[in-house]
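S.K.: Listed in order, the protein sequences are those of chains A and B. For the first sequence, the working numbering assigns the number 5 to the initial residue and increments by one for each residue that follows. For the second sequence, the working numbering assigns the number 184 to the initial residue and increments by one for each residue that follows.
Hint data in this document are derived by calculation from the structure and do not stem from the laboratory. Please note that a few of the clues may not be correct.
Mimicking DSS-like on lysine-lysine, the simulated pairs with C-alpha atoms at most 30 Å apart in a straight line are [to be verified]:
| # | chain 1 | residue 1 | chain 2 | residue 2 |
| --- | --- | --- | --- | --- |
| 1 | B | K445 | B | K210 |
| 2 | A | K279 | B | K493 |
| 3 | A | K349 | B | K484 |
| 4 | B | K381 | A | K293 |
| 5 | B | K484 | A | K19 |
| 6 | A | K19 | A | K50 |
| 7 | A | K16 | B | K484 |
| 8 | B | K369 | B | K293 |
| 9 | B | K488 | A | K293 |
Since this is a predicted model, take the numbers as computed values, not measurements.
Now for the letters of each chain:
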Amino acid sequence: MIDFEPTPEQKKAIKVAREFAEEQLRPVGRYYDEQEHENPQELIEKMWEKRQEDTLALGLDVTAALRIEELCWGDAGLFLCIPGPGLGGAAIFASGTKEQLTRFLGHFNEGGPKWGAMAMTEPACGSDTSAIATTAVRDGDEWVLNGEKIFVTWGKRAAENDESLVVVWATVDKSAGRAGMKSFVVPAGTPGMRVEKLEKKLGIRASDTATVIFDNCRIPFDNILGNPEVKKLDKSQTKGFKGAMATFDATRPIVAAMAIGVGRAALDFVEEALKNEGIKIRYGTPRQKLTALERDVMEMEAHYKAAKLLTLRALWMMSQFQPNNLESSMAKAKAGLAVTKITQKAVEIMGPLGYSRKHLLEKWMRDGKINDIFEGTGQINMLVTARRVLNYSRDQLK
Amino acid sequence: MISFSPTEEQQMIASMVKEFASDEMRKIYRECDESGEIPDSIIDTAWKMGLISSNIPEDYGGFGGEHSAITASMIVEELAWGDLSMTIHILCPALFSYPILEMGTETQRKKYLPLVCAEKYTAATAALIEPHFGFDPCSLLTSARPDGNEYVINGEKCYVPLAAEADFLLVYAAENGSSQGFIIEKGTKGLEISEREKNMGIKALPTYELSLKNCRVPKENRLGGPKGCDFNRIMNCSRVALSAMAVGVAKAAFEYSRDYAKERIAFGEPIASRQVIAFMLAEIAIEIDATRLMTWEAAWKLDRKEEATKEASLVKAYSDDMAIMVTDRAVQILGGHGYVREHPVELWLRNARGFPTFDGMAMV
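With the rest of the complex left out, here is chain A (with noise of 0.2 Å):
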């Protein structure tokens, strides 16, 4: 049955988030956004509590993304510092064995904060990704990893920080394309893998985006998520590929979710200083009565409720067992867009407010921006929209 109510505990995920990010997150926003790479070390541990109490646990369903969207909504730099097996978790459990999500996510929740990162693009390939250079050598028991990969989302917190992981994307057999793309367990502290630099960002500056080498890097073989073997042959045996593409079905709509937070901060912000003003929106009022300020905001209400809606059917059909490839990149598609217009029309609205350091209302439409980047671009998601409804392969829609 159609139904948009959160079930109590749902509502009870919400108002522990929310008051998280209230009371933890707002306050040190701007600071961390001023003070880029700059350790947040005390919230840092604030985090992993809560998150071992799993009050802030973030899985990959619809009460995540009303959890993510309270916290982005605080702050959305700080929250990709929640520790949790973010990315690289979501690669091994869209492609690990049993085994393998034992070993490497069964103990995760114990002991001090860890995280998980997935490393897939590189200085030559973004959108790309089949065509990844990083190698994966096998020697033996062992793979031997060469490359380079930027642009890693909490790639130094992973790669440095005891029983943390980096699940990273290499090439065992350039030849074999995409059927040769495979992904790997590095465990934090692995010789040879090493964070090289970090960026300086537009927005979510608290986040910390690496740049990660492979200098001859060893791991057990048995850290291959998936089947080791490359079938050249045939064309349909890219299960390394599609295991990525799987990744980003579970991913966008999270992704998702943190645009929608964000949007909302935006027009809270927006809401609330027109209230002041004794600006009130009138809602159902014939449109040429209304004025342009009103419109505007009726238009980012609406694309809010839009991309929210388009973000829990996608998850939601993921816990059903549906496929949702399609939802999840019309999610994703339409909320990166949804919260770039948001963020960019309310410091328009604003003025003088808006543009000043004085409001946080600048540092979201920075922040926003990412989430029509990263986990695919607004362009990649309408590529595989556009590829789904026409039913078109790779091939008939480049």
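Using the hints, position chain B against chain A.
M.R.: Chain B only, in chain A's frame:
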């Protein structure tokens, strides 16, 4: 619990309506648009599905099903996918009967609801829109003034579907500044129905201007009696219905232009294999889905009897824009072929352009 899955019953009804839309409406919609007439036979066939009477309690002659805005949204979407003129025609009696069902007095329900449960289609309608710039449903120029045991109604209305055919009209008028409904029977002195209107779209649907000159109706004909009606809710029901219709029209245009783009060869390959076309279609698909979900959410609020003005008016404005964006692009994708009447997309563009105007012409 948040869920996007229609019930089995909803799926069944939707697929029955879809079949009707596909097998019946889609066969003749162009002819109807050109001639301005809808054959009685198709209206009668639709009537037999009991789309309105199934929501009316058995006491009033209906089948006693639960009246759900979500279910109605699904039905409306499928019908509008078939043809918008016919949809408004088929569902026109609901404009009269749903407000009475929800807000009418017991006497009004007993008297009028059985009419829409009759075996044969019986036209009944509602008059809301007024022929002037700046029309606002919440501040109507048509007025209702109490005078003894009667109301005296004065004003002008337009876009009243089936006004000439209907035996009963629900006319909305301002009474002390608030919009209220008044049941007026055909032949009431002072009620004059003008020539049929000529519109850009929904050409197969007869709509009329009408004027009310010192039109007297008994006091008991005020919708809801002394309590009156919840006009805001009526407007929200209309917004949701029109949004669902916009989704249906847009879906029709999307499917047609998508299929065309896959068949049309230019520079040696289907135009759909170019991103400039493919991305238009992707955006269309996203916006249609988003609008449908927003429609369902607003309908869900209505079903829970919650205040839904924000949701309903947001989705209404969003769907107005979406429908015109989608149908315009459909014409654009077909290029010159989209402009000629051999293809349906120009018809859908004309129909979609009307949504911002159609307040009160549909009801869930």
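S.K.: Determine for every hint whether it applies to the structure shown.
M.R.: Now the hints, each set against the structure:
Proposed proximity of K445(B) and K210(B) is supported: the alpha carbons are some 23 Å apart, at most 30 Å. Our distance criterion of 30 Å between C-alpha atoms is met by K279(A) and K493(B), whose separation comes to about 16 Å. Among the hinted pairs, K349(A) with K484(B) is consistent with the structure: their alpha-carbon atoms are about 29 Å apart, no more than 30 Å. Proximity of K381(B) to K293(A) is assessed by CA-CA distance (about 26 Å); at most 30 Å being required, the pair is judged to hold.
For the given pair, K484(B) sits about 22 Å from K19(A) by alpha-carbon distance, which is consistent with the 30 Å threshold. Between K19(A) and K50(A) the CA atoms are separated by roughly 17 Å; this keeps the pair inside 30 Å, and the hint holds. Between K16(A) and K484(B) the alpha-carbon distance is near 21 Å, which keeps this suggested pair within the 30 Å criterion. Only pairs whose Cα atoms come within 30 Å are accepted, and K369(B) paired with K293(B) is accepted, the gap being roughly 19 Å.
Among the hinted pairs, K488(B) with K293(A) is consistent with the structure: their alpha-carbon atoms are about 27 Å apart, no more than 30 Å.
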